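Peer 1: Chain by chain, the residues run as shown.
There are 2 protein chains.
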Amino acid sequence: MNRRIVVAVAAALAVNAGLAAAADAAKHPTMGEVLAASKPSDWHALDPANTLYLQLASGRVIIELAPQFAPQTVANIKALVREKYFDGLAILRVQDNYVAQWGDPSADNAAKRRSLGTAKAKVPAEFTIPLGKDFTFTPLPDRDGWAPQTGFVGDFPAAVDLQAHQAWLTHCYGTIGVGRDVAADSGNGAELYATIASSARWLDRNITVAGRVVQGMELLSSLPRGHGDLGFYTKSEHPVPIKSVRLEADVPEKDRAHLEVLRTDTPTFAALVESRRNRHDEWYKQPAGYIDVCSVPLPVREAK
Amino acid sequence: MNRRIVVAVAAALAVNAGLAAAADAAKHPTMGEVLAASKPSDWHALDPANTLYLQLASGRVIIELAPQFAPQTVANIKALVREKYFDGLAILRVQDNYVAQWGDPSADNAAKRRSLGTAKAKVPAEFTIPLGKDFTFTPLPDRDGWAPQTGFVGDFPAAVDLQAHQAWLTHCYGTIGVGRDVAADSGNGAELYATIASSARWLDRNITVAGRVVQGMELLSSLPRGHGDLGFYTKSEHPVPIKSVRLEADVPEKDRAHLEVLRTDTPTFAALVESRRNRHDEWYKQPAGYIDVCSVPLPVREAK
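Those sequence lines, one after another, are chains U and V. Position 198 of the first sequence, counted from 1, bears residue number 709 in the working numbering, the numbering being contiguous throughout. Position 224 of the second sequence, counted from 1, bears residue number 735 in the working numbering, the numbering being contiguous throughout.
If you're looking for bench data, these hints aren't it; they were derived computationally from the structure. Source: prediction; values computed, not measured. Careful: at least some of the hints might be erroneous.
Identical copies go unnamed one by one, so any copy, or any two together, can satisfy a pair.
Result set (BS3-like, lysine-lysine): computed pairs, CA atoms no more than 25 angstroms apart in a straight line [to be verified]: (1) Lys644 <-> Lys623; (2) Lys644 <-> Lys754; (3) Lys796 <-> Lys633; (4) Lys754 <-> Lys623; (5) Lys631 <-> Lys796; (6) Lys538 <-> Lys633; (7) Lys765 <-> Lys538; (8) Lys538 <-> Lys746; (9) Lys631 <-> Lys595.
Build out the structure end to end from the sequences listed, making use of the hints.
Peer 2: See the structure below:
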């Protein structure tokens with residue numbers, strides 16, 4: 512079975528090596544032009560069963576969960592959300608050029624901490640997944656330093672190691688990860704972070720990635736930085752209250768965002784990648800001829 | 512001459528290929544341990560003649576200028592600063608995961624804009640420098656995608672292209688660049704930006720880099736994002752006033768920060784790089800075995 516999977520991925524690599532060439536012929540459209548020419552079928556709606564609304568006083572952060580990569584963790588987060596575990600908790604840590612992290616301010620105090628309800632206290636580490644039969648991957652044309660091959664799986668930036676038969680989600684801007692202690696399996700989803708750095712790739716394969724922010728990142732990235740160790744807010748600073756976290760499926764239709772994201776397995780996305788690998792609008796004098804997985808925009812729009 | 516330069520750089524590459532091996536033998540010290548073991552000679556004080564204090568209501572941002580890479584632009588910025596050009600101007604643009612940019616809100620209004628005084632309105636583009644005799648470069652051991660070779664020149668992350676005999680500063684977190692219009696030579700230093708993204712490497716060789724922020728980045732990175740095109744603040748939003756910009760040399764001794772930065776051409780820095788390429792503290796389960804030039808911390812401390 513492994514052999515067939517490897518071949519499938521290798522074939523995808525070969526097919527998509529054409530990414531670089533694709534847009535070159537088409538007179539170097541800009542990303543805006545690529546998106547303007549996109550077809551409705553290039554986009555897909557977020558799945559309400561795997562979309563979270565993190566409500567702050569400043570607005571709503573929308574998160575797409577990644578059950579393919581972290582099935583048990585995502586199930587646990589959804590259990591916590593459905594029991595309103597996060598409502599009234601807070602953003603506890605904002606470390607400059609790194610992460611914004613939220614959870615229970617009393618997590619370390621057995622007497623005061625909030626009950627996990629029906630959610631599990633212990634969830635296995637889900638740092639990588641094996642390359643399975645249904646694994647589809649759109650590789651980038653350029654070499655990556657942090658991983659043997661990077662690209663996209665569904666709506667997520669990802670990496671694969673064909674020799675190790677593994678794939679994982681990469682830590683880019685807006686990655687949602689699962690805070691943990693030293694033990695690999697010590698994260699259960701009750702404490703989450705978003706990377707506010709455009710890359711934190713050294714975390715890859717060291718922590719469970721549960722999703723990514725698709726809208727509202729600026730509400731997290733512009734928060735005041737904490738001045739305690741690791742950017743935790745000190746007592747005199749201001750943990751930022753979380754009003755609520757809801758699953759989109761539990762939100763009335765009229766209050767939903769109805770977001771669509773660009774499919775990464777489309778020629779439109781390939782053209783978008785090329786438009787950013789080599790920027791040819793008149794401002795750029797020296798196109799880079801390269802892009803890394805965290806520098807590729809993942810367009811989001813409101814459904815028409 | 513070019514031939515000799517290339518040899519010199521190539522020799523540096525060979526010598527420093529030992530970066531990876533250096534710390535490995537020494538039982539994997541963490542970055543904290545590396546810094547704790549550093550000698551006074553591993554550090555050097557910032558040059559007051561090339562250090563700027565950007566004063567906001569929220570605090571002071573300290574910028575190290577890079578005259579080696581942008582001599583004419585840096586001279587022009589210093590002329591502007593000495594004439595107090597920036598005092599009372601504002602941060603005009605904060606684009607999420609990209610840049611915070613400041614200058615004259617009336618720059619486009621000939622009747623209202625502030626005079627440049629003795630500073631030049633036009634300065635040549637200084638996107639790259641030729642590899643000269645005095646060029647010294649500490650290369651990183653890992654391959655980069657955006658450039659043939661990356662590493663450090665003095666206190667700055669940089670890249671070299673031996674074939675093109677060029678070097679340039681790379682766009683990492685806190686890079687100070689010179690806003691410009693479409694023409695390559697349309698930036699004169701009166702409008703500057705700091706990258707608030709941890710990498711914006713596609714800007715490399717497309718714009719003049721004039722320095723980097725060495726302290727206070729969080730004052731820029733946590734600013735509210737603008738909601739106009741490109742993150743410019745709209746009329747109903749809040750340009751952030753600049754109280755003053757001063758050259759450290761013009762600031763009374765008692766008000767100076769007295770910062771020191773770790774020299775990048777030292778064994779201590781090589782050990783620091785290795786401590787981050789492969790993190791061996793017990794939290795990390797899978798050391799990356801890689802680092803890119805924008806992920807290497809450049810330590811700063813107050814002089815003892």
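Peer 1: Regarding lysine 754 and lysine 623, is the shortest C-alpha distance of 25 angstroms or less found within a copy, between copies, in both, or in neither?
Peer 2: within (19 angstroms within a copy, 45 angstroms between copies)
Peer 1: Is it within, between, both or neither when you check lysine 644 against lysine 754 at 25 angstroms Cα-Cα?
Peer 2: neither (41 angstroms within a copy, 60 angstroms between copies)
Peer 1: If the cutoff is 25 angstroms on CA atoms, where do lysine 796 and lysine 633 land: within, between, both or neither? Let me know, please.
Peer 2: Answer is between: at 18 angstroms across copies they meet the 25 angstroms cutoff, but 53 angstroms inside does not.
Peer 1: When no copy is named, should lysine 765 and lysine 538 be tagged within, between, both, or neither for a Cα gap of at most 25 angstroms?
Peer 2: Neither: 42 angstroms inside a copy, 59 angstroms across copies.
Peer 1: Taking 25 angstroms as the upper bound on the Cα-Cα distance, should lysine 538 and lysine 633 be classified as within, between, both, or neither?
Peer 2: neither (53 angstroms within a copy, 32 angstroms between copies)
Peer 1: Check lysine 631 against lysine 796 for me: Cα-Cα at most 25 angstroms, and say if that holds within a copy, between copies, both or neither.
Peer 2: Answer is between: at 23 angstroms across copies they meet the 25 angstroms cutoff, but 54 angstroms inside does not.
Peer 1: State whether the alpha carbon distance between lysine 631 and lysine 595 is at most 25 angstroms within one copy, between copies, both, or neither.
Peer 2: Result: close within a single copy only, 15 angstroms intra versus 60 angstroms inter.
Peer 1: Between copies, within a copy, both or neither: which fits lysine 644 and lysine 623 at Cα up to 25 angstroms?
Peer 2: Cα proximity of lysine 644 and lysine 623: none, with 46 angstroms in one copy and 65 angstroms across.
Peer 1: Should lysine 538 paired with lysine 746 be assigned to within, between, both, or neither, using CA atoms and 25 angstroms as the limit?
Peer 2: The answer is neither: 57 angstroms in one copy and 37 angstroms across copies each exceed 25 angstroms.
Checked against the numbered hints given earlier, this structure breaks hints 1, 2, 6, 7 and 8; the rest are met.
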